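Line by line, the protein sequences are chains A and B. Quick note: the first sequence uses the working numbering, first residue 75, plus one each step. Quick note: the second sequence uses the working numbering, first residue 75, plus one each step.
Calculated directly from the structure, the hints in this document are not laboratory data. Any given hint might turn out to be false.
All copies of an identical chain are treated as equivalent in the list; a pair is satisfied when it fits inside any one copy or across any two copies.
[Said to hold, decoys possible] Below are the DSSO-like pairs computed for lysine-lysine, each with C-alpha atoms no more than 27 Å apart in a straight line:
#1 Lys265 <-> Lys356
#2 Lys174 <-> Lys289
#3 Lys289 <-> Lys347
#4 Lys253 <-> Lys192
#5 Lys133 <-> Lys192
#6 Lys174 <-> Lys76
Being a predicted model, the structure only gives us computed values, none of them experimental.
Protein chains: 2
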Amino acid sequence: MKYFIDNLIEKIEEKNSRICVGLDPHLNLMPASVLDSALLKNPQENQKEIAEAILYFNKEIIEATAEHTAVVKPQMAFYEKLGTAGMETLWKTINYAWQKGLLVLLDGKRNDIGSTAKAYAEAYLHVDSGADSLTINPYLGRDGITPFLEDKTKGAFALLKTSNPSSADIQDLKLNNGKKVYEAVALFLAKIAEDYLGKTGYSNLAAVVGATYPKELAEIRALIPSIFFLIPGYGAQGGGAKDVKAAFDKQGRGAVINSSRGINFAYRKEEYKDLAPQNFGKAAALAAKKMKNDINSVLDL
Amino acid sequence: MKYFIDNLIEKIEEKNSRICVGLDPHLNLMPASVLDSALLKNPQENQKEIAEAILYFNKEIIEATAEHTAVVKPQMAFYEKLGTAGMETLWKTINYAWQKGLLVLLDGKRNDIGSTAKAYAEAYLHVDSGADSLTINPYLGRDGITPFLEDKTKGAFALLKTSNPSSADIQDLKLNNGKKVYEAVALFLAKIAEDYLGKTGYSNLAAVVGATYPKELAEIRALIPSIFFLIPGYGAQGGGAKDVKAAFDKQGRGAVINSSRGINFAYRKEEYKDLAPQNFGKAAALAAKKMKNDINSVLDL
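Produce the entire structure from the sequences given, and follow the hints as far as they go.
So this is what it looks like as structure tokens:
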């Protein structure tokens, strides 16, 4: 049995790519060739048609970027918004990513305790049919984390220091030992993570740390060397390759950097304007390749 | 337009009941007359039949307890576990609760930021078809909370001090100002809540505080008087009516106390053993009535 984290690291090295392609189907950014904007006048009534358009879009993005990434990350909210039709598109997207040899990190930020957390794990990390990993929220403590780690072939990414402007509200509160809440959360996760270490020395319990706070990212990496990171906030949110360098060890291991809009909707960027909107897949491939190389260029490989 | 919180308080007073009936369909606790246990040998293959059994069970529980409660709280994980069939049962359950004049608090503990949090709000608090309120997780800060409050007819219940044994791991960390994280979270929520106050003086931004920590519950109530509480942990988890008294103001307002298993599966209790298992609805009604009276008995009404 191969640990989730070892499998992820192996795929990253096969592809020589440390990026993660987010699949966040923002409806108002879709090419007209994929989604007829008339459907959006009454999205509740057109959920099925919209969900089908998203599936088509996702398959094109996956097909186009599979060469440049080990993992894709569907953001669940965008699928849940479309009801059962959206969830069907989510599962078909997951299946398509697997067909293309990719791992799937489901971004659902689920959290609950005991039997309820276990029910979420059964829903999204089921041994036969679930995704490979899921984002979770650690606020409930240990009870809310270990139920997601029972199957060693699956992983969980706990929010640690998030990329958004208001992440400081709770995560940066100062503790009486001179540390901040996110540092205490880091040490708390690292303690649990010890019980789920793969052969690579990284744990199936991973963490989410934003590229938008490079100083904190470097501090957290030094504090918890066996925790693998998912790093959002590159590109659209302002983080660059130099900002995330500290997340990687000397072997170039330790993190994947996510980009969603910057790849999905690359066709809208000035630099790809020579491509027609229906060639959004080609633009996504070029953006993914560029990002892959950008990250690799700052590593001492 | 009536604020969610005013609507909730009005319904509570109509029913003179401060309980919330959780709808947590634990499959292994279901009566044999509702769910054929043979289906559970391969639940992934029998999702549709299991989801239909749950819908029947929920309707019976709602029908039986509607007289004794203002609000029901489906725990999303149990429905999500059953895929799209489970989600259809969830929405049909919500609709049935509305038909019976009840409010619905969806327990999904969702959390994300900006446009993604907005997508969750559209999924579960949609003006025409969504639930009345949703539980959320505050770890991401303000960005992760306000998107759930845009529609004043809807409410959000943020986790504050949860009822589980390991809630102390993060929530009780000591801050450099002598307070604990949950106290800082309480003040943080109260600040946001000011912008969403109804005529009753309570806010559409409510909080989840466990009955299992009565000392903390009383402290938090004193700290943030305009925040309404959802209080889990009564009964099965060990909290009693005296433990939750401090949550209520002099008018008997300020909280609903949740019970899930203690009502749903009351038919399994020693005290209702004279009722046959297929009379689980009757047992649930008796347990709900008893709990309602138990809570009211400690209030100075």
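Do the hints match the structure? See the list:
| no. | hint | result |
| --- | --- | --- |
| 1 | Lys265 <-> Lys356 | neither (43 Å within a copy, 47 Å between copies) |
| 2 | Lys174 <-> Lys289 | neither (36 Å within a copy, 54 Å between copies) |
| 3 | Lys289 <-> Lys347 | neither (35 Å within a copy, 62 Å between copies) |
| 4 | Lys253 <-> Lys192 | neither (32 Å within a copy, 32 Å between copies) |
| 5 | Lys133 <-> Lys192 | between (30 Å within a copy, 25 Å between copies) |
| 6 | Lys174 <-> Lys76 | within (19 Å within a copy, 51 Å between copies) |
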